[in-house]
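Visitor: Read off the chains here:
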Amino acid sequence: MIRIECPVCGQRPETEFTYGGDATVRRPEMTNEDPQAWIEYVFMRGNPRGWHREYWHHVQGCRQWIVLERNTLSHEIGQAELARDAARAWSRTSEAAE
Amino acid sequence: MSHYSAFSIFKQAMRGNRGWSRAWRDPEPKDNYDVLIVGGGGHGLATAYYLAKEHGAKNVAVVEKGWLGGGNTGRNTTIVRSNYMMPGNTMFYERSMKLWEDLSQDLNFNVMISQRGQYNLCHSPGQMDAARRRGNIMRANGIDADMFDRAEVQRRLPYLDYSASARFPIHGALYQGRAGTARHDAVAWGYARAADKHGVDILQQREVTGYLWDGGRIGGVQTSRGDIRAAKVALCVAGHSGHLAQMAGLRLPIETHSLQAFVTEPYKPLIDTVISFGAAHFYISQSDKGGLVLGGDLDMYNSYAQRGGLPIVEHTLSSAKALMPALSRLKLLRHWAGVMDMSMDGSPFITKTPVDGLYLNGGWCYGGFKATPASGWCFAWTIAKDAPHPDNAEFRLDRFERGYQIDEKGVGPHPNAH
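Chains A and B supply the protein sequences, listed in that same order. If you read the first sequence in the numbering used here, its first letter stands for residue 1, the second for the next number, and so on. If you read the second sequence in the numbering used here, its first letter stands for residue 1001, the second for the next number, and so on.
Don't take each hint at face value.
[What the hints assert, rightly or not] Label-pair distances were calculated between CB atoms; the ranges are:
#	chain 1	residue 1	chain 2	residue 2	range
1	A	Glu76	B	Asp1398	30 to 38 Å
2	A	Val25	B	Gly1226	33 to 41 Å
3	A	Gly50	B	Asp1031	29 to 37 Å
If you're looking for bench data, these hints aren't it; they were derived computationally from the structure. Glycine included, each C-beta is placed from N, C-alpha and C at the ideal position.
Construct the complete structure from the given sequences, taking the supplied hints into account.
Guide: Below, the structure is given as structure tokens:
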């Protein structure tokens, strides 16, 4: 049983959550007409053996989406944050990069 | 190496079984191979065997990080069947079924193929319609399929739950009589022995840690015990496909997930066939040693751990009990997990890659065992001729950008849902 530290509810068992997949995938800008960018977004995954950033939905708890760091080789659990906060942090860094 | 026969068993028995020679050599690697196959499971060994047997390849090696058949070949639930219905995969799986039927004779090794039949149970009128459609597509392609109603299923499988209180009432089943089981270890050993007989070098305890490059072309592999040069490198590494592709700079439409399987304590002969539950993902058969072999859903999150979590144990055993209440008193003997290369459409890859000299066989999700003979046969063809056989022509990486996914289950690009 994986125990996930929900930022709202504290430590809860994995059975309360639904897995949402790779959280490093970014949707291209809606104006992007390059098909390759959309193929990458929909189908291609890094699939790392080790630390993985991934979405979980606390569907039987606070119903928040969270971004969790989890090791795919050892099942060790790392940091968890609200997906909202992760998205804001990401848009800040990508704006800074532009 | 001796030929196995009833006479050889008798002869060796008379000599106290001291004269058996080893089944395959343990050679030192040569400096250079024409084809180097990474992964000594069923698929890799079958590829080596058919390369040597069908295409006359003389200079082939298989490198394996552990021991032969120690990955998913030794971790599956041993079911073989060909009840597929999508253009692009139906005839591939039927080729596999046909190869299974003669495999023991072809390899001179008893893979214990047992065509005991497989039932896909239906629990609603909608499922009956879908099963009838699948059965018709199978029959139109020359594959055997039969539809049974509830009364016939009850006559054949009286031990399932037909009571009024059954959580998922049984409406009928789609049956494939030629389906069944095979002994998984024997498949790896049989292919290894037959490939070795054709001169294939099998190199165990050598983990591939990187590639050698000739300009932009693959020139061989680096292993934990030295470099090996090869003109063509072919990956048959199942759950580790993404990992080995990444070393070559490729991203694949694959996620690695863990799938659990279970064996109960040995029991009297009870289930003489293979049964797939239609209400949840669950399947069960009985091994020759008496243990009931069962499996269920993925753990749902990415994992390379080769072990699973307890929620799925509970889920699988609840399914078992809903289907066959009599199982509730049995104890589990063993429980394990394998790492599955789950592709984005649930179908595999047997293909060249964008990297020159690198070939990929992967994305088997949890349907790899049944495909072993055809997978090796088609992959050998693809490597030898540098072009796919019609049976694996659709198992290419570019099917996603062309819009030709082979999504048998129809769930879209969600690897954990296939």
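Visitor: Let me make sure I understand: some of the numbered hints might not hold for this structure. Which ones are they, in numerical order?
Guide: As far as the earlier hints go, not one is violated by this structure.
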